[in-house]
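J.: If you read the protein sequences in the order shown, they are chains A and B.
So in our numbering the end of the first sequence lands on 589, straight run, no missing numbers.
So in our numbering the end of the second sequence lands on 187, straight run, no missing numbers.
Mixed in with the good hints, there may be bad ones.
As the list claims (entries may be wrong) - Incomplete in silico selection of chain A near chain B, CB under 7 Å:
{"hint": "1", "residue": "Tyr-31"}
{"hint": "2", "residue": "Ile-56"}
{"hint": "3", "residue": "Ile-58"}
{"hint": "4", "residue": "Trp-165"}
{"hint": "5", "residue": "Phe-168"}
{"hint": "6", "residue": "Thr-200"}
{"hint": "7", "residue": "Asn-214"}
{"hint": "8", "residue": "Val-221"}
{"hint": "9", "residue": "Gly-222"}
{"hint": "10", "residue": "Ser-355"}
{"hint": "11", "residue": "Asp-541"}
{"hint": "12", "residue": "Thr-542"}
Hints were generated in silico from the structure; no laboratory data involved.
Backbone N, C-alpha and C define an ideal beta-carbon position, used for all residues, glycine too.
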Amino acid sequence: MSAVVSQIREPLVRGHKSYHDITEDLVSPTERAPGVGWVIGFIISISLLGFGLFCITWTIWHGIGTWDLNRTVGWGWDITNFVWWIGIGHAGTLISAILLLFRQKWRTGVNRAAEAMTIFAVICAALFPGIHVGRAWVVFYFFPYPNTRGPIWPNFNSPLLWDLFAISTYFTVSLLFWYTGLVPDFATVRDRAKGFRKKIYNFLSFGWVGSAKHWQRWEALSLVLAGIATPLVLSVHTIVSFDFATSVIPGWHTTIFPPYFVAGAIFSGFAMVLTLMLIVRKLLSLEEYITLEHVESMNKVILATGSIVGVAYLTELFVAWYSGYVYEQFAFFNRALGPYWWSYFGMMFCNVLSPQFFWSRKIRRSVAWTFFLSIVINIGMWFERFVIIATTLARDYLPSSWSYYSPTWVEMGIFIGTLGLFFTLFLIFVRVAPVVAIAEVKSILKSSGDQYCGPDAVHHHHDDHGHNHEDHSSEVEEAKTAIEEKVATVVESLEDNLKKLEGIGPKVEAALKTAGVKTFAALAETDTDTLQKILDEGEGNFMGNSPESWPHQAKLASEGKWDELEKLQDELQGGKY
Amino acid sequence: MANTNTQVIYGLYDDEEIMLKAIRKANDLHLNIMDVYTPFPVHGLDPLLGLSESRLHIAGFIYGMLGTLTAFLGMTWIFTKDWPVIFGGKPYWSVPAFIPITFELTVLFAAIGMTFTFYIVCGLGPGVTNEMLDDRITDDKFCIAFDESEVNSSEVESFLSSTGASEINKKII
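Bound-form chain A, shown alone:
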């Protein structure tokens, strides 16, 4: 085929997968009974959701007076949480839409889950404007429909109404995009299922058959949806920032808000994607589909957007001073050194300093570091919204009406409830749908599978000279390729691929093979002292390599106990115990 194989890019699908392996690996989590971890997670999430529902009911029953909002601080945790959740959703659209337009293949490993996260985050976000209006039962007044009250229309000039349109459009478009991507994968699940399960997936898959014309239209639709979702996602957080920027409150009334909010949204969204994906890849053993290459790519986005956010914070400070406008200057002085100083410095530390660790490649590729920093960033971005909203409002123009706001248990409960809602929906999604887009991973296999590119490649493409091998000499070439492949497999059976063991790279392998250790069996019989000697005498610098675990690993490999080997390798760190 015309698959373009870049030798520079790292493989995105590991483990020498065949198409069937991909189906098997990605569908099986929906077919087997849930694990203990899932059940515990689900019970916790749904309990939190239950408590959240109780707090919402309490709010609606008793009124907004159950919150600590007052005349001065009209927006508190409610809008903080709203903006936080909406921001988190942005990573999903960025991955699925913008990276599709940029033809970034690594998106295929994470787009499905990220889009799901977008939809669930928007649901959580949309809850807050709904209840913070107080009379939640007449919230439909927001929508412009011909009514019997005049008709009285909403104010189309108000950013709050723009927000309503932006969020509802965003939710709808994300849902359509996500579901259309899911249809072929539901068909895959359907065709493996039996009985009632087959009926359900038959319904969900809309009768998909995989016809050539359908695929063509499906790709056309995905591309155009990506094209229009890209400006949409930028517009959504721009409009959210208009909620603040079009007001006349010092600290809010700034032109920097739209780009700064969009960058912050992507920043926090990627942090949440990483938090979720690192858990999912561990729980569902998807390490071969969501590789360190994926993690590193996302960390690079975090570093870039985090730095944009950092520059925006400093620009705000500079402009407040440079403008000579005393109210603006006071707003920023108050943020940093007023009664909420702790949230300002929390924000600065979490959002400006912490992503800078990702300049180091080691940290970008470390699962533990990434997980930790992703949570730090999530907290930081929550602080950012709190700083902008509550801190600014608490000290307004009139010192006589200054106040201090701290949330009540009801407000905290609602926030915790949305966390519960988010994780409940996500856990259900993990059980029902393939978490990684099956069809899309299959379509990149021949360009990004590790048997086709990277150091472990076994297949070599013979179509370097383009597409014109329709001529009849291609049949001769094909026969030649077949023979070469056979020879390669025979040679391989004599010499094992020692690189499959953790801690052995191409150079160490070469050194071992020159020393006569060519198979797993031979390696298993060699003691570590001899191995160390081979390394010391071999060509190259093997200071960092320690052979202590190699004979053990090789023994498992020579006996074909790949599962056990994998387990062992999970515990090993760079081949060391």
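Could you slot chain B onto chain A? The hints should help.
T.: Showing chain B alone in chain A's frame:
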């Protein structure tokens, strides 16, 4: 797309590259392929099958324009004719303030319209059941299907076996 009572003869291939070669051969032999079914979008397939480019994006543009007009004319009518209100001393017809909602509805109409058009023209949707020729087509098999009433079965069978099909079957769908 539901049951059409077509007698289909089809071959399953293990790899898309073998299948693409087979389709080229079929074109040389002037065999009339009914359809090709694959587990994922195979690039390079459309020109071989003579499929013209999808016109969905044109439909999307029309739906989008419809959204633009709905939003802009709707707000114009409401704020200048139906119920004019002065907000913040601005004119009734304050165009800049209408832009965000106009943009959102453009996107919304385009997305909904295109997606529904996609499902309708493909004959897909909730409750639709289409017979699969083989359950492994959504897994790892690539299928070339012929309508038996339009082709010579023995010719097709020999074509399929000579081009490397791993299985050859018949089925009524």
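J.: Next step is simple, just say for each hint if it's right about the structure.
T.: Verification of the supplied hints:
1. With a least beta-carbon distance of about 4 Å to chain B, the hint placing A/Tyr-31 at the interface is held under the 7 Å criterion.
2. About 33 Å separates the beta-carbon of A/Ile-56 from the nearest beta-carbon of chain B, more than 7 Å, and the hint is not met.
3. A hinted interface residue such as A/Ile-58 counts as satisfied when its beta carbon comes closer than 7 Å to some beta carbon of chain B; here the least separation is about 27 Å, so the hint is violated.
4. With a least beta-carbon distance of about 5 Å to chain B, the hint placing A/Trp-165 at the interface is held under the 7 Å criterion.
5. Annotation: A/Phe-168 was flagged as interfacial toward chain B, and the flag holds, the nearest CB pair being 5 Å apart, inside 7 Å.
6. Interface restraint check for A/Thr-200: the shortest CB-CB distance to chain B comes to about 4 Å, inside 7 Å, so the restraint holds.
7. Contact between A/Asn-214 and chain B, as hinted, is supported at the beta carbon level, the nearest pair being about 6 Å apart and thus within 7 Å.
8. Here the hint on A/Val-221 is kept, as its CB sits about 5 Å from the closest CB of chain B, short of 7 Å.
9. The beta carbon of A/Gly-222 is positioned within 7 Å of a beta carbon in chain B (closest approach about 5 Å), and the interface hint is therefore held.
10. For A/Ser-355, the interface hint is violated, since its Cβ never comes within 7 Å of a Cβ in chain B; the closest pair sits about 30 Å apart.
11. Because the smallest distance between the Cβ of A/Asp-541 and any Cβ of chain B comes to about 47 Å, over 7 Å, the interface hint for this residue is violated.
12. Because the beta carbon of A/Thr-542 sits about 43 Å from the nearest beta carbon in chain B, more than 7 Å, this interface hint is broken.
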